[in-house]
Amino acid sequence: MILHVYSGNLFGGIESNIVAVCAADQARKADGDTRHRVALSFDGLLAERLREAGTKPEILGRVRFRYPWTSWSARRKLLRLLHDPAIKGIVAHGSWAYKLTEPAACKADKRIAFWNHDPFRGLGPLESYVVAHPPDFLVANSQFTAKALEHAFGRAVDRVIYPVSQHRSIDDPSQARARIRAEFEVPGNSVVIVLFSRFERLKGHSVLLDALARLKSAPKWNCWLVGGLQKPAEFEYMEELKRFAKSAGIENRIRFVGHRDDIPAILAAADVHCQPNVQPDSFGLTYVEALAAGLPSVGSDLGGVPEILTPECGRLVPPGDADALAVTLSELIGDESLRKRLGERGRERASVFRDVHKALASLESLFAPVPEGRRDR
0 MILHVYSGNL FGGIESNIVA VCAADQARKA DGDTRHRVAL SFDGLLAERL
50 REAGTKPEIL GRVRFRYPWT SWSARRKLLR LLHDPAIKGI VAHGSWAYKL
100 TEPAACKADK RIAFWNHDPF RGLGPLESYV VAHPPDFLVA NSQFTAKALE
150 HAFGRAVDRV IYPVSQHRSI DDPSQARARI RAEFEVPGNS VVIVLFSRFE
200 RLKGHSVLLD ALARLKSAPK WNCWLVGGLQ KPAEFEYMEE LKRFAKSAGI
250 ENRIRFVGHR DDIPAILAAA DVHCQPNVQP DSFGLTYVEA LAAGLPSVGS
300 DLGGVPEILT PECGRLVPPG DADALAVTLS ELIGDESLRK RLGERGRERA
350 SVFRDVHKAL ASLESLFAPV PEGRRDR
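Read in numbering that gives the first Met the number 0, the sequence shown has 10 at position 11, and its numbers run on one by one without any break.
It should be emphasised that the hints constitute simulated quantities derived from the structure, not laboratory data. Just so you know, even glycine gets a beta-carbon here, dropped at the ideal spot from N, CA and C. Don't take every hint at face value.
In silico DSS-like cross-links for lysine-lysine, where the CA-CA straight-line distance does not exceed 30 Å [what the hints assert, rightly or not]: (1) K245 / K215; (2) K146 / K215; (3) K146 / K357; (4) K87 / K106.
Restraint-style ranges between C-beta atoms, simulated for each label pair [to be verified]: (5) N251 / A85: 27 to 35 Å; (6) W71 / A177: 51 to 59 Å; (7) K219 / H258: 23 to 31 Å; (8) V326 / L122: 14 to 22 Å; (9) S127 / A367: 24 to 32 Å; (10) N251 / W68: 28 to 36 Å.
Given only the sequences and the hints, what does the whole structure look like? Please build it.
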């Protein structure tokens, strides 16, 4: 049994990965007992999604490190969980979860893996803690993050495990396309560019709008920005984007969709995926989901994105270069056959990153019995 520990107060790619792992674990119940449990600090959307997938998370209580008693309380609950001999190891997702979990893992004499999902520099109080108290195992979510971990820890990572998301298909994509386009009042011949993510500045919404402003004379495009707002800074960012769209004269072609649970239908109704990051993203599940839906994808040439997008399925542009992005989007908007070719190859490319059973096997093999016992940390 592996215990996954995470905060659980937000929902994005990391959370989607945890849900997918647990859903796949639940699906193989017929083969024996489940092998994954989850402990969360916050009882939020992630906890809700896990329950829907059949995994009941353990809620440790809200933790704020600036209030030490909150972490003490959560660690006591963790220790009680770790007394279960069935738990053979712990996976801490990110630096925050690792700092919370590592003292309890030491007391319980349980091996712990640090699954890093972000660009890692070993700086700041959280990352510095991980370096000063190294884990038994280092797990990276891409080759990009693996290199950063190897530099910070001076050793090779134990696993590179690409994050996975649940396979969400729809019975009739053409029907979904018609329904969503009717809902959003978009003509059938319009080329829809979609960006679906959290409203974080690094995702490049502003660069996308800047590029589209250069294409406002082109008659056949619309843009959908899909994603809920979870932090005050995200509300501020969205208002900035709205002001820019208005000043650029493209506000009538930009739709701020908000949170949606029907992302497969949204993707079926779109034609191009574009997320032009302005800072390195460690991986990018949204690119994989877009490719799996048959959309050509456009991203920035930095971080983990080049590990996903190839010339056969998408395009890479220099980060922050709205001119280059406009040229790329113009080509895709104007060439339906190119979009179709890239989309067909995109489905093939996405399959490389969607093998959840391979991810489970790789993770579980970390905690297989070893003759020398728990390694010193």
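Non-conforming hints, listed in increasing numerical order: The structure conflicts with hints 2, 5, 8, 10, although it agrees with all the remaining ones.
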